[in-house]
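So the sequence lines, in the order shown, correspond to chains A and B. Residue numbering for the first sequence is 1 to 188, as defined by the working numbering. Residue numbering for the second sequence is 1 to 166, as defined by the working numbering.
Hints listed in this document are in silico derivations from the structure and should not be mistaken for laboratory results. Keep in mind the model is a prediction, meaning the values are calculated, not measured. Among the clues, some could well be false.
What the hints assert, rightly or not - EDC-like mimics (lysine to aspartate or glutamate), calculated; alpha carbons at most 16 Å apart, straight line:
1) Lys-179(A) x Glu-125(A)
2) Lys-138(A) x Asp-93(A)
3) Lys-170(A) x Glu-140(B)
4) Lys-170(A) x Asp-129(A)
5) Lys-179(A) x Glu-141(A)
6) Lys-170(A) x Glu-7(B)
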Amino acid sequence: MFGDMTCSDARRFEAIDESQAAFVMDEDTFRAFYDRTARGVWAYLARVTGDRQLADDLLQEAFYRFLRADSTHDSESHRRNSLYRIATNLARDARRRNLIRIPAVVTGDDIERVAGGGDHAVATERQADVSRAMSRLKPRERAILWLAYAEGASHREIAGVLGVGTDSMKSMLFRARRKMAALLGHSK
Amino acid sequence: MNSVECEFEAEVLAAVVQSRWPERTDPVLRAHVENCGICSDVAAVAGVIDGCQEEMRSAAVLPDSGRVWWLAQMRARREAAKEAGRPITVAQVLSLACAMGLLGACFGATSTWFQGTLRGAGAGFEWKTLASGLGSVVSEHGVLAALALALVVGVPGAVYWVVVRE
Numbered sequence: 001m002f003g004d005m006t007c008s009d010a011r012r013f014e015a016i017d018e019s020q021a022a023f024v025m026d027e028d029t030f031r032a033f034y035d036r037t038a039r040g041v042w043a044y045l046a047r048v049t050g051d052r053q054l055a056d057d058l059l060q061e062a063f064y065r066f067l068r069a070d071s072t073h074d075s076e077s078h079r080r081n082s083l084y085r086i087a088t089n090l091a092r093d094a095r096r097r098n099l100i101r102i103p104a105v106v107t108g109d110d111i112e113r114v115a116g117g118g119d120h121a122v123a124t125e126r127q128a129d130v131s132r133a134m135s136r137l138k139p140r141e142r143a144i145l146w147l148a149y150a151e152g153a154s155h156r157e158i159a160g161v162l163g164v165g166t167d168s169m170k171s172m173l174f175r176a177r178r179k180m181a182a183l184l185g186h187s188k
Numbered sequence: 001m002n003s004v005e006c007e008f009e010a011e012v013l014a015a016v017v018q019s020r021w022p023e024r025t026d027p028v029l030r031a032h033v034e035n036c037g038i039c040s041d042v043a044a045v046a047g048v049i050d051g052c053q054e055e056m057r058s059a060a061v062l063p064d065s066g067r068v069w070w071l072a073q074m075r076a077r078r079e080a081a082k083e084a085g086r087p088i089t090v091a092q093v094l095s096l097a098c099a100m101g102l103l104g105a106c107f108g109a110t111s112t113w114f115q116g117t118l119r120g121a122g123a124g125f126e127w128k129t130l131a132s133g134l135g136s137v138v139s140e141h142g143v144l145a146a147l148a149l150a151l152v153v154g155v156p157g158a159v160y161w162v163v164v165r166e
């Protein structure tokens with residue numbers, strides 16, 4: 001991270017006043033917020049991108065951008081939505097830069113666990129089914145479904161995270177759900 | 001109710017996420033879901049996604065919050081330092097460009113060869129004239145030409161040497 005820093009950079013770096021590098025959020029608040037939300041955001045990114053390693057990278061970037069955003073939040077849900085909006089934009093940028101490889105949420109370890117049998121095998125098989133079905137959806141459809149049914153976000157919250165109108169979002173959710181149900185073999 | 005949502009959707013979703021679906025759900029709601037395409041999709045899709053989201057969350061190998069905070073602080077400071085250094089670099093480049101411009105202006109004003117070439121350019125360009133002109137500029141303004149060359153090569157070299165030494 002600091003490998004290409006020259007001595008003059010380092011002097012300037014030392015000279016930077018604490019206030020210039022400070023974030024709106026203090027450390028304790030950030031750490032508590034991170035502990036509450038990081039797993040959910042990671043799962044969301046892994047699901048939307050279909051790539052766990054990319055989700056690791058995007059997670060750190062999302063929290064960094066969230067801290068740098070210099071905006072205050074009225075409530076925990078407002079703060080959380082901002083973070084998800086940043087994560088969504090990062091996933092979209094990664095897709096544009098062709099960083100997303102689909103599908104990769106089912107790993108070699110998962111396949112071994114399925115072969116091993118038991119409850120874990122059932123769970124892993126279910127994961128594999130969901131991954132397979134989701135990999136055939138568009139990233140935005142994956143995002144909508146995950147936010148609606150894994151994160152329990154309201155229509156308004158999902159619309160805010162994706163930057164679309166609530167009515168458009170309802171139509172998109174309807175189509176995504178229809179498609180997913182058909183892929184899972186549940187469609188009527 | 002319209003074609004993309006159903007008034008019972010939220011109830012079905014609540015039953016699924018609270019693990020009440022389908023056994024511990026009101027039979028009227030179950031009967032509705034049987035006949036409603038939207039609600040049956042909600043039950044099916046929400047069921048599988050809700051079922052795997054906990055496993056997905058537990059699969060995350062996350063860095064410690066303290067480490068994430070520290071890295072963010074370091075990166076923010078680094079970016080601030082870079083931002084602070086930008087005007088200095090711009091000023092250095094501008095002053096170098098001004099010095100080169102001044103030198104060129106002095107050369108243009110004092111060189112009879114340069115002024116002659118400018119006048120000749122209107123009549124038509126010839127390589128032979130340029131070659132003989134270069135010869136005469138070295139003989140007439142040798143010191144000035146050497147100084148210009150030294151500045152063009154020497155100044156960037158000196159800047160690079162200083163930066164590397166730092």
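Hint check results:
no.	hint	verdict
1	Lys-179(A) x Glu-125(A)	violated, 20 Å
2	Lys-138(A) x Asp-93(A)	holds, 14 Å
3	Lys-170(A) x Glu-140(B)	violated, 82 Å
4	Lys-170(A) x Asp-129(A)	violated, 25 Å
5	Lys-179(A) x Glu-141(A)	holds, 9 Å
6	Lys-170(A) x Glu-7(B)	holds, 13 Å
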